[in-house]
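Chains A and B, in that order, are what the protein sequence lines are. Under UniProt numbering, think of the first position of the first sequence as 1, with each following residue one higher. Under UniProt numbering, think of the first position of the second sequence as 1, with each following residue one higher.
Think of the hints as simulated: they come from the structure by calculation, not from any bench. Careful, some of the hints might be misleading.
Going by beta-carbon spacing under 7 Å, a handful of chain A positions derived as facing chain B [to be verified]:
1. P24
2. I26
3. W27
4. A40
5. P43
6. V82
7. A88
8. A117
9. F207
10. P222
11. L225
12. I229
13. L236
Cβ coordinates follow ideal geometry from the N, Cα and C atoms, glycine included.
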Amino acid sequence: MRARLHDSIWGVVAWIAGIIFVFPVIWMVLTSFKQENVAATNPPSWFFAPTLAQYTQVFDRNITPFLLNSLMASIFSTILVVLLATPAAYALSLRPVAKWSDALFFFISTKMMPVVAAFLPVYLLVKHLGMLDNIWTMVILYTSMNLPLAVWMMRSFLLEVPREVLEAGEVDGAGLLTSIRKIVLPIVSPGLAATALICFIFAWNEFFLAVNLTATNSGTSPIFLVGFISSEGAFLARLCAAATIVSLPVLIAGWVAQNKLVRGLSMGAVK
Amino acid sequence: MTVTVARPDRRTQPPVRPTKGGAKDRWVRRAPLLPALIFAIVITQIPFLYTIYLSTTSWNALRPGDRPFVGFDNYVTVLSDSRLRSALVNTVVLTAGAVIFSLILGLVFALLLDRKFLGRGIVRTLLITPFLVMPIAAALLWKHALFNPTYGLINGIFGGSTDWVSSYPKAAVITTLVWQWTPFMMLILLAGLQSQSHEVLEAARVDGANAWQIFRRMTIPHLRQYLELGALLGSIYLVNTFDAIFSITQGGPGTATTNLPYEIYLTMFRKFEYGEASAAGVIVVILTIIVATFALRVISSLFKMEENR
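Isolated chain B (complex conformation) (with noise of 0.2 Å):
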């Protein structure tokens, strides 16, 4: 996502129109700019471009000084790869089905926060509890305290004795990726609604429009948007899923539960192919900017919307 800069909306207006002032003027707004500017590129694009390089050569650390060219050697191998196809697999199912659970219950529990009642401020702190526990530490408080098979909470409440994350190794990365994003989903979806105009409500419902009309008429088309960037922004956040794989299952049982992340730093530091490796990544990234593209026209759809209020 760093060698193209996808172009905003044409539509979306400068907030203030840029006046044609000499170079002198042009400078004097640009300085307080470069230093961000600079440092991004510094630390961003330019590793991003030494990895395409690195892309196009073979090079495994254990065998040091030896690095020939080979050109898209390791873009053959990596497609071709089964591993590889079953982590792209798997980083689709695991951002795809945790995204869309978070974004069902986060509704859900928007829906219920846009009420008044009593303790709501409170109620809304604890929804979003979650989504500040520190990933790793949820991670492990899932697979040791709750899934576990012995004495975790699940069995303990519902009985049984299943091992949770070696039989539903899927399921458990995506639930607790699901306890971990809600809140987020959660907090966009309450803004859209606390965004919607009470008069017009008020007016449809003195209309005679009931409860379930209103949602499905007026609520769902004005939330449309936010369902849209809360679903690109989860999931540019978790394609990137490392924390929870990493502690919960370590990709497995198996290959079940390694995504794109996951295998990309087994082989960098188990197997320590690096060309593989920056192969893999460069392969990402032009997935990502697929994805990205879209995020961004939602981004600039809601600039937009925000300037017409």
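Bound-form chain A, shown alone (with noise of 0.2 Å):
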């Protein structure tokens, strides 16, 4: 009865926690339904005629194109991504390549270089295809900025493949492709779409190679928050508008994928 109590004490601490915790992101979307002479009061508006002026201003403004690019740039680049960690990741778990930890600790150590290192040559060659602002220069980066933290991730998964099951298929003279198709792939399914989901979150919030390397054509949704910068919030709730059409993708993805998430964002060294 005493714990029954104490739980029930700490349940309401964590959620006046919570509540305080996450209060900026819901007075963003408070604000982006007020007019803005109703936004930028002091004190603050609590009480207001909701109105989706904000939204439409923002829709009026052209930020669909946006919408599509960071869509485009974050759907290709996340499938290349699996196309490509996924085989990786078989061979560094299932069927491991001689040195496999080497070339594990390879993919990690390039997540590990600081973007500017090495930016100013992907840059200068860019510039020099005349690939700048072009969507697909987006999804190579975004495919080479993912690929590590996949790898690492699906290899997690496949290590969950229980190895007697693997082995019992090939006594039975299961071909590699079929075990794959019949045992592999049912088991680890769930993790291929928590790994995708996050490196779709990674490329759709992505910021300095999109504000370095997109501008017009092919801007991502990043950018179009940009013009915000300077405004001195004489826009705030066409900013937060703005913010939460942006933001909702991933915090959507996000919520779904919210039990593999730690697994991905720790590479898969933690359950």
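Put the two chains together into one complex, using the hints given.
Below, the structure is given as structure tokens:
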């Protein structure tokens, strides 16, 4: 009985902490439904007549191409990452190559390299090839950005395939492709989905490469927000509407994948 | 972090011992790995080698065609430049500040979530939400909706008319980063807490240990590796912080919040000093190698732990 009471007190504390912590996001969404003059009041206005005016404004200012560019860059790079990382992870887990751990650590080492340190040659090459402001450039770069993460993550999911089942399959005469299709894929497909979602999230949110390599044609969602940087909050409500729109896909993806999120973020080092 | 690959812990055993097959078998094993490996080498290693080359030339993009070899001059310039030194200090302060505070707050949240209560799943969802908001959106949200001196939410609730970003630029950036990264720390530490053996904790309770003793003597030692992992992965991501600086302070006031990535960006795209920017980039990589070596050791030890379980 006492333990029960104890738990519910801590539960209330957790609820309060959670609401305070997430409050800036709630405030962002609330503000996005205000008129500009209501958004910029002091003290803040808690009760107001909600309006969709800011959302209409943001779409009138042509946010759609930016969203589509982000969607393209994120989806295509995610597909490419999964296609490259899954076989590699297989070669590093179930049927490992000789120096599997060296290869594994090589991948992670590329993730630890600060982007700025290798960016200039990439920029010069892209410029030379006339590929600035091109969505396929972003697809390639986002693929290399997410590849190490995906290799590590997929490997940790592949290691969960029970080896006995694989061996039993081989004894029963299942070929490589059959055992991959019938045994490995069903077991790792939730992990595969989680890996893809995390790669999507990182690609969607990426800013540095986008701000330096894209402009009007292939600007991604974060680039739409750059216009608000120096506006000194004159369009606070509109900023909040735009921020809500660009964050929404990742919020939904992240909420769906939250059980697997930790594994991806720690590159499979923690279950 | 590209030239050397840190040696993994020798004690890390392969999941399956590679069998000694013939040459054909070895290629069959290697084939699935090669596309990813080649892709990663082409996109990351070759540009970095070129960065090293660029760092030995004096190249300003405003003077095209003139790119003399200058050896280590750029390194001397960069290392004796007071802007770069202050950028280095700022990087350390911003990264360490953000990592330490998000780790502490993340631990508190993880401990709260480790208990059973009504709506625990919902609270967890609330707590991870800041991590999912687009970083540049989060930075602008804090700058305009929370820190604004005249109608920001912070002054609105607590009164006063403090211009948070101008008066406390580092603290403003760190606060935003902590808010974004606490969920990351929380998720890793929560995984650590939930991997504790319930029988052992129960046994300790039966033996008369109180909650604090259990926390001090059992939970914290168990969490140590998870704390290290969170700190190191967090540092690797946070050292690269660019969005928040770019959108909240633009490195200012003065150079108060200019970190290394932002300084290199300015050298590249404002001063067009490609040689100096490259040298600074190489220095950052060397510093990262040092941090990353520790990171890899921690990850290796976690692998070991997992296998011994």
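Taking the hints in turn, this is what the structure says about them:
1. P24: With a minimum Cβ separation of about 6 Å from chain B (threshold 7 Å), the hint on A:P24 holds.
2. I26: violated, 9 Å
3. W27: Holds, about 6 Å.
4. A40: holds, 5 Å
5. P43: holds, 5 Å
6. V82: This hint is violated: A:V82 lies away from chain B, its Cβ roughly 11 Å from the closest one there, beyond 7 Å.
7. A88: holds, 4 Å
8. A117: holds, 4 Å
9. F207: holds, 4 Å
10. P222: holds, 5 Å
11. L225: Where the cut-off is 7 Å and the nearest Cβ of chain B is about 5 Å from A:L225, the hint holds.
12. I229: Holds: closest Cβ of chain B sits about 5 Å from A:I229, inside 7 Å.
13. L236: Given a least distance of 5 Å, the restraint on A:L236 holds.
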